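Use the sequences and the hints to build the structure in full.
As you go down the protein sequences, you meet chains L and E in turn.
Mapping the first sequence onto the working numbering, position 178 (from 1) lands on 178, and the numbers just tick up by one.
Mapping the second sequence onto the working numbering, position 241 (from 1) lands on 241, and the numbers just tick up by one.
Note that these hints are calculated values from the structure, not bench results.
Keep in mind that this is a model prediction, so the values were computed, not measured.
Heads up, the beta-carbon is just placed ideally off N, CA and C, and yes, glycines get one too.
Keep in mind that the hints are not guaranteed to be accurate.
Derived SDA-like pairs: lysine to any residue, alpha-carbon spacing no greater than 25 Å straight-line [as the list claims (entries may be wrong)]:
id	chain 1	residue 1	chain 2	residue 2
1	E	K305	L	D1005
2	E	K105	L	Q860
3	L	K1061	E	K305
4	E	K43	L	D1005
5	E	K76	L	A576
6	L	K1072	E	S38
7	L	K1021	E	E256
8	E	K310	L	G1078
Sample of chain L residues facing chain E (criterion: CB under 10 Å; computed from the structure) [what the hints assert, rightly or not]:
id	residue
9	F461
10	E1011
11	S1017
12	H1024
13	L1043
14	T1050
15	C1054
16	E1079
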Amino acid sequence: MNKRKQFKGPPPKRIKSNDDDEDDIPASFEDQLAGMESDFDSPEIVGDGPENQNTNIKWSRPSPQDMDPGTTSLIFQQFDIDHYNGKPIPGMPGSQLAPVPIMRMYGITMQGNSVCCHVHGFTPYFYVTVPLNFDVSSCLELKTNLNKAILEDLRNNKDSIREAVLEVKIVKAKSIMYYKGDNLIMYAKVSVALPKLIAAAKRLIERQPTSFSLSDPSFYETNIDFDIRFMVDTSVVGCSWIVLPSKKWSIRSKSGKLPPESRCQIEVDVAWNSFISHQPEGEWSKVAPVRILSFDIECAGRKGVFPEPEKDPVIQIASMVIRQGETEPYLRNVFTLNTCAPIVGSQVYSFQSESELLSKWSDFFRELDPDIITGYNISNFDWPYLINRAKHLKVANFEFLGRIQNIRSVIKDSVLQSRQMGRRENKSINFEGRVPFDLLQVLLRDYKLRSYTLNAVSYHFLQEQKEDVHHSIITDLQNENEQTRRRLAMYCLKDAYLPIKLLNKLMCIINYMEMARVTGVPLLCLLTRGQQIKVVSQLLRKAKDAGYLMPAYHGQGSDDQFEGATVIEPKKGYYADPISTLDFASLYPSIMMAHNLCYTTLISPNMQKDLNLDPENITITPMNNMFVKSNVRKGLLPEILESLLAARKKAKADLKNETDPFKRSVLDGRQLALKISANSVYGFTGAQVGKLPCLEISGSVTAYGRTMIEFTKTEVEKKYTKANGYKEDAVVIYGDTDSVMVKFGVKTLLESMELGKEAADFVSSKFVKPIKLEFEKVYYPYLLINKKRYAGLYFTRTDTYDKMDCKGIETVRRDNCPLVSNMMSMCLQKLLIDRDPDGAVSYAKQIISDLLCNRIDISQLVITKELAKNDYAAKQAHVELANKMKKRDAGTAPKLGDRVPYIICCAAKNTPAYMKAEDPIFVLENSVPIDFSYYLENQLSKPLLRIFEPILGEKAESLLLKGEHTRTKAMVTSKVGALAAFTRKKEKCIGCKVVISDDTKALCDHCLDKEGQLYISEMFKVRHLQEKFSRLWTECQRCQGSLHEEVLCTNRDCTIFYMRKKVGMELDTQEKRVSRFGEPLW
Amino acid sequence: MIFKVAPSMDSGNEFNAVEIERQSLDYKDCSKRFYEVSRDYSKQYAHIYAARLNTFRNILGPLINEKWSNKYKILKLCDLREKGEPCVIIGTLFKLQELKPSILKELSDQLEIIPQPARTHFVHETDTVVLEDELQRIKLSGVCINTDEIVTGVVVAILGSEDEDGIFSILDICWSGCNLQKPLPELTSDRFVVLLSGINLASKTADHLFGLNLFLEWISGFCGTSEYQEKISKVVRVIIAGGVYAKHSNDIMLSEADVIAASEQVDSFCAAVSATAPLDLMPGCKDPVGIMLPQKPFHYCLFPKAVAYKSFNRVSNPYECDIGGFTCLGSSGEPVKDIMRYSKLDNEIEVMKKTLQWRHIAPTCPDTVPCIPCLDTDPFTMYNCPNIYFSGNAGEFSTELYKGEGGQKVRLVAVPDFCDTKTIAFINLANLECFSMTFC
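Put into structure tokens, the structure is as follows:
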């Protein structure tokens, strides 16, 4: 059977672990569910087997209209393309000998019917250079010899290939590499029977070129994915609309000669050269009503062990289905093991056996026939778990989840190495014709967040906190009664609902669809592959039109380094005056366009003389590479960039005029996709393990960038001087990659903006088009800490600031405790917004003093780290703690993949830091003393000094970290520890702290005079705690959406989780303390 | 003025000192349920809601039979299976309010630069109501319920049916209604109770102190003619309904020092009142006792002088007592004010009438009023229908005689803030008439 190329080739990338296995339900989710529009028609589940059954109107797609291929054309939006080896159909182009590769396009019509379109006759091919004397007879010779060699080479010809090489013909073309004049070179275009034979043919020719009458051949386009090859040659881009004109296609039916192979409603055949692919413009930029399924499963794990599919049952599967473009899911259901009380707004299907549950769910899945499958971490957890569990229980037909009837979905491990994301190990599962679109993967790709739990993510984007039930009690909830199972089902539904909400909010589907259209790759590639394939696809399209061929480059990591972007040495400091920022718009793309940098325009050093070029027509880059100018030959990359940027301009213009919110989101997605694509072109030329790296280009680009930054600096500093009539001498205080910060010395925003605009235009005029220096914003004030570390108030208008902009400062870093980032943002706020450096210093001092006196909320001190593996080479705090907790209670201890929260506690001198970590709950319950000096020295001090040194100078350290405010420290008596058993706490007088013998009394005799006063002070503390207590717990009640049930949530990411616990304990202590004054009445 | 006495012809020259006895009536403090709640802060608020729902299930059961005569099944939400089939559900109302302040939001907003506008009212047009029983909740719809006139925490029985969208559409509602009242005792002569609140002695302003001194003189019988003084002697009880140190509406954070500084003055004032009449001193939400309802009485150590008087009575908030057979119930105002914040009811008397019909003094407690996490009981349920029902620290004096369907007569009094209005409420137990008096 065929395998999907995507999974064989460069490995798809996924994330590293399933760090999210909680369940949740937020405030009033139940009501949300209940309130959703719904019209269920009491569905019955019947029918099974791997074919789609129509059992439920809600589930099934609308039935397709009868269509006559003779008179109507079939129009659909394709979402996925793959290929398989099959038998040729008479009447179709291409080889008539089996096996032949057949492409399959899957899509949806505007009416919402699913389509599978077999495309016949497209043949794999590659190019090879040939000697000058190569002629038609040599072609024949090459064909026969190569055919023979390949057939011999096939150890067991299990596909029974009879003719491996179909055709060899001479073509004239140019190589994409180097400018070599306009002469065409001869190539042999070798067409083979199957895609996999390309590699074999190449290998055989390379081994013995002479036997094929070739000498020193070089290969072109042998390393192109077959699916991409097809799309390029037929001008199909990702998610484009396909029209099969009438009479050109045939429909498959059960009774016909060709029975359907897919689960799609409409299955058709067409020749590869007789369909129309529309570019996604105008009418064809519409989107079909695709079905997006989001689901989540619950497993009943055993205490303290991560659920294993061989042992732990799947107890619930919740599904939500939404049509693209709508705001609420139209189908919500949950499949439960054992009974479950009804949930308004959702259907509940209960089963007594797990096998039945799984089997019915897979029936549901097939009947629903979703186009896009989403969820949170489904590709690394839910899917593998379901498939393995079904296998373990021997559930027949479960794994037939794709659109092709006889292909099972299987789990494969894949590794993605990408510069953008680093190395990620993932699982990938094939669903022919459906696109797995795991939200977690999307977020990992596109957003930098503090935490990626569904909880944290939904709080971040939706401001929706969700209740979090510890996995150790899921089993208990499952085993109790139908009501507790209902509660569980609510969490499960919520987990299925949130990804949909997030997808909508972030417009992921639309943005990705537009990206697929712009770059021409299938939707799935965007999630499973890196940036390169997008550029390859665009490059190939352009190259094909212009008659270029792309050499097959063997990626080998080379150590050649080119210098990166330039950074003008920052003049550190706190600037109270406006700082204008000049930015190069799309710097790298515009450099490439301005200087016509491309593979096709690069002059190789040895060719220079042969070409006899007029030096007028040559650009010599600062790297001393030579490129021909565009009047000699226009480069492909500049052309790609031009069309991308022109398209972006157009999208932006359309966006301005569009009023329909859905269309607006499409356009906005497009302009963003175009911007990202333009920027990735430069990256492609620099990726040394890539398909076609070219250091001459990437090196030249950065070199230009550097000179331009320097140039801007000198120009600005030269022009804006007192000598030239300006108020002050302008100083460039910092510059990085594509921006320059200028201090014009003016005092008002208006002046600095005007000067900024003027300077930008002035400098722009000195550059080659389309390089453009733009004035974007003014920082006022501006705190420049170091390279890539700065903060400022961002102004684009004179009336109000847009935002506070912080770069490289510990406001978002994940490995710090929240105290650090909160303190930093407060300090920056005081510095920049309130312009109150003294206030900032005293605030920082206050925080330090609060810290040392134990007045900081414990949640502010919690550091979290993911427990990724157990055997770190170096000992790490969170691993040690996890082991310690396992010894205390295996049931609630963190498992592999959990995030471990911890607090650094006091220990004997010289105890290594990794031994000092303790569970925050344990710290709270036993009042374990916290190591405040660790927090001060290892967490707070560096970031603090960094932002205050530019203001306070050398004395910052002594002022902040050693001042009066650090003298008072709180002593906490631990309830645990070696000495705790031998000590007994004696009560002290509340007034003067003198030890008193009668510990039922509050005060010593001396303080009795002040009794009322002291009582009032204590009462104020009670009042404060009581208010906090009631606000915190009622908040949790609202969040969980129930008044009568106790709050179970253990969401440690939640700001108030520790606070809630702590306030109860403090309140108890404080009440006891007050009660020593005696009951109010006597 | 009820005490206006026609000037007697021969007065002026003679001045006879008359000794007048302070009249008295039997008194019993019935606030035990407010003192004796468990104070275990490891517990959550689910218990108090559960206790409330249980109590009201018993109350509502017979009322439902009376109202709809066994026609409909009383179901729990989890047993609700038949769509469109009318049935009765007993549950707690919960109002989803977008503007309800959230500590979570505040904590995360701390880091935001834009300050949030301070609100005093939290009603929004998107507010919706759900009904919740022990296990589930369901969204309510229908014309019988006016979202703007109900609040979270009220227990009701609702007749209606679940529709296709899973929303419960209401046909009719059965409120608990006012309890039956025991017969009013007959009084042969006038007996007065004085209610005041918000004397606010820890405040920075002093312009009400004059009024307060006038009040002291008045209650001590230093004003008016001897006839008038005799009237005053019929004041059998003075109840101060909270706001002793600081008044409710004060948004400014009360400083500890101010309270400490004021405590002596408070003590003296209480001693002075107690010297001439029995005084019940209730704490308010800003006074130096715990903030959670029910509030314990003030601690004796705050009143070194006043505690010497037997007539000085420190009581809880809310407070219930029996004065000569008249049941007197009230709070220092926080529950009523809170209901006004979370509904469109904007007048204390209206709110108090509602609470009578709900049979609950403080439904929004614990949701938006701090509350002790009680375990087995909900102390705020009205077990007896009071004869006098008051709420302290109101914006202005207002009163009404509520007449229930069962013949109940309840004197509703919104006791104004003395600091702002210099006004007290004056109730005659003999006929339940109520008047205000202003001292300035």
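Structure-based check of all given hints:
no., hint, in the structure
1, K305/E with D1005/L, "19 Å, holds"
2, K105/E with Q860/L, "16 Å, holds"
3, K1061/L with K305/E, "40 Å, violated"
4, K43/E with D1005/L, "36 Å, violated"
5, K76/E with A576/L, "66 Å, violated"
6, K1072/L with S38/E, "13 Å, holds"
7, K1021/L with E256/E, "10 Å, holds"
8, K310/E with G1078/L, "19 Å, holds"
9, F461, "13 Å, violated"
10, E1011, "5 Å, holds"
11, S1017, "6 Å, holds"
12, H1024, "8 Å, holds"
13, L1043, "5 Å, holds"
14, T1050, "14 Å, violated"
15, C1054, "8 Å, holds"
16, E1079, "8 Å, holds"
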